[in-house]
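Q: Since the structure of chain P is provided, determine the placement of chain A on it from the hints.
Line by line, the protein sequences are chains P and A. Its first residue numbered 1, the first sequence is counted upward by one per residue in the numbering used here. Its first residue numbered 261, the second sequence is counted upward by one per residue in the numbering used here.
Hint data in this document are derived by calculation from the structure and do not stem from the laboratory. Warning: the hint list may mix true and false statements.
Listed next, the in silico SDA-like pairs over lysine to any residue satisfying Cα-Cα at most 20 Å (straight line) [stated by the list, open to error]:
| # | chain 1 | residue 1 | chain 2 | residue 2 |
| --- | --- | --- | --- | --- |
| 1 | A | Lys446 | P | Leu89 |
| 2 | A | Lys440 | P | Asn54 |
| 3 | A | Lys446 | P | Asn108 |
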Amino acid sequence: MLGELLLVSGISKTYGEDGDRPSSVIGEISFALGRGEIVSIVGPSGCGKTTLLNLLCGLIPPSCGKVHWRGRALAGMPERVGYMLQKDLLLPWRTALGNVTLGLELQNMGIGEREKRAHHLLRVVGLSDFYDYYPSALSGGMRQRVALARTLVTDPEVLLFDEPFAALDFQTKLVLESDTARLVRKEGRSLLMITHDVEEAVSLSDRVIVLTHRPSRIRAVHQIDLGTERGDMMAARESPCFVDYVRTIWSELEVRANDG
Amino acid sequence: MTVASADRLWLSASRLRAMRRDVAVIACQIGLLVALLAAWERAAGSQALNAFLFGSPSAIWGYLARMAQDGTLIRYSWVTGLETLLGFLFGNVIGTVLGLALWYSRFVSRVMQPFIVAVGSIPIVALAPVVIIWFGTGLASKIVMSTLSVVVVALVIAYKGALSIDDDQINLMRTLGAGKRQIFQKLVVPASLGDIFAGLKLTVGFALIGAIIGEFMSSSEGLGHAIFKAGSLYIISKVFAALVATIALALALTYLVGKLERFLMPWRKYD
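The following block holds chain A by itself, in its conformation from the complex:
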């Protein structure tokens, strides 16, 4: 056996071990989930848990199946997903533009500072009644809620990102002959975008919260609407069904945004 072929054997053996570990992890995860669901189902069936108050996996599954059948699952997920994505998009664009503009003028940023802090400290829930009154009960108000949940965070991330740029970096640009506009274009914007893109997974979560709260307040469709309506009728299993769909939506969006992040920042692959 040569050294080269021995190396290759060792490599494939350790890769096999890594694969086995991955499989073991997934097996444990599935096992854990199944065990929890089974225990829940048993408890609900044997009256140890009040089925009315706590629901049961079988009932949840039943509601999910029904929602899938009459199309509400797809429709509601689509509506909430759309509200979230649009709010995410608008909120990040507006917040980033404003945040970067604040870097450009130190004076303006000092003037605006207390206003931003004040607006940023308002809990989104508190804004809901005003938004509904101004934008109605349709899709628009949910998109606005979703946007508002994101915009201040995106602004702060952009502004802080711009401020945190190494002074040496700026000095270097100056020694290369760059004016303020060139420094802004070639250094500040790309550097802050890096922070923004890294914060995308955070802001998509906020966008979803905004959309759901908007639907809680007043809506005729969407996953938040389903949760709220089922909750007010005390149909706990249906609440959980809508919740499961919401979790699935959240995971899907986070995954998509993660892929977007990796696409937008190829230089971070080696981090």
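This is chain P alone, in the form it adopts within the complex:
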């Protein structure tokens, strides 16, 4: 197991442990992420999916359990990890190019090299003509694409996505899902994605992990085999097994009518 990129063992998180109303968000979660794998985590609202990602990134400490990156216990921020949220979090005072070079600036890379890489990535996400636009002049889908470029420019090995496409319209979502799948597979990166959208999870991933309500545990793990070429979102949805996977996972999600 030490060969895995990411190993999560027995993670739990309880807030307010010292107080009189501790709230347990994550009960116990263990899983592994290998090289080149795409894994999705689905679960009902409030089951601690975002908390889990924050734990993996080292932004908050777990109450119990261990996180191992590349065989070593997590200390500080893991290296070569790209993090992307639903909010694009683009800095409004920087152009698209300026936003993409942000991660490279923080690594003290020279300006020539930074801009070269940023331009390349903007071309990859199809926004090379918009490099000098400010975020306020871009649509939601375009901003998320800039955020994707920003996430990829530092050449991360592992991507952690927290419902990045949830706020987009269906067509833009499909396009970005395809682009992401393509970029991840082509470069052999790994992706751990939190999503609400079961269809997105099934069409995109090699494996889908289903969580319970809080305190969350793993309800089920599904190995996805659609028999189609990876990265073709429409073909995936047309595959005969697709509907079965979606239905099964849907029923496991225990979606309650009065969930927040």
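A: Chain A alone, transformed into the frame defined by chain P:
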């Protein structure tokens, strides 16, 4: 007629309508002003209003003309304008630096909190006697008054602006490998400057108040001085004349600051 040329005709027709509406607005504004001035002049002339107490537009105009002629209009406007601009500049710079420094150390900001609230709640007028004694009756004391009117507001705006930065934004910087200093430099400072620049029109108003109050207390020139002196001699029309000049100065400064704001924040054009 093709679709394209029909579109163009429709566009220019709606633009024409928009222009006509703009002209109508301006015409109403001028009309309103003229009507008010005319009514005022009539009332003053026909003894319905006590001309001594209320002044009249013609007298106001006379004083304005006289002030323009003997150079006091330009000189006084320049003095008050300078005091305002310098106070605006110093107040914003000092306030912003202090406010951002408070973000850097949560401990220091907690220690300083009650002091800032206390100082910020002092009405500027109450500080005037002390300022005059310490800085004399010349330009310096007015600049200090103007600065003091701005500094606490700028500090609070900078500090609150820094605090209101999205935690997710800060976390993102951390995941990109940024240390506290880099987060401060690349995120906190630009984000707060946005709030400061947006508050510039507010602080220029405060700066003007500080300058005028300083001139009220003790001065030999400036628009506040003119207002005060004419007021104490009961020359109401002259008070109004100086007031008109002050309004003109305030509008000019606000307009300039508005242009500065738009220059400093080009990314807000589409807001």
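Q: Now tell me if each hint is right for this structure.
A: Going down the list of hints, with the structure as the test:
1. A:Lys446 x P:Leu89: holds (14 Å)
2. A:Lys440 x P:Asn54: holds (18 Å)
3. A:Lys446 x P:Asn108: Holds. Lysine 446 of chain A to asparagine 108 of chain P sits at ~13 Å (cutoff 20 Å).
Violated hints are absent here; each numbered hint is respected by the structure.
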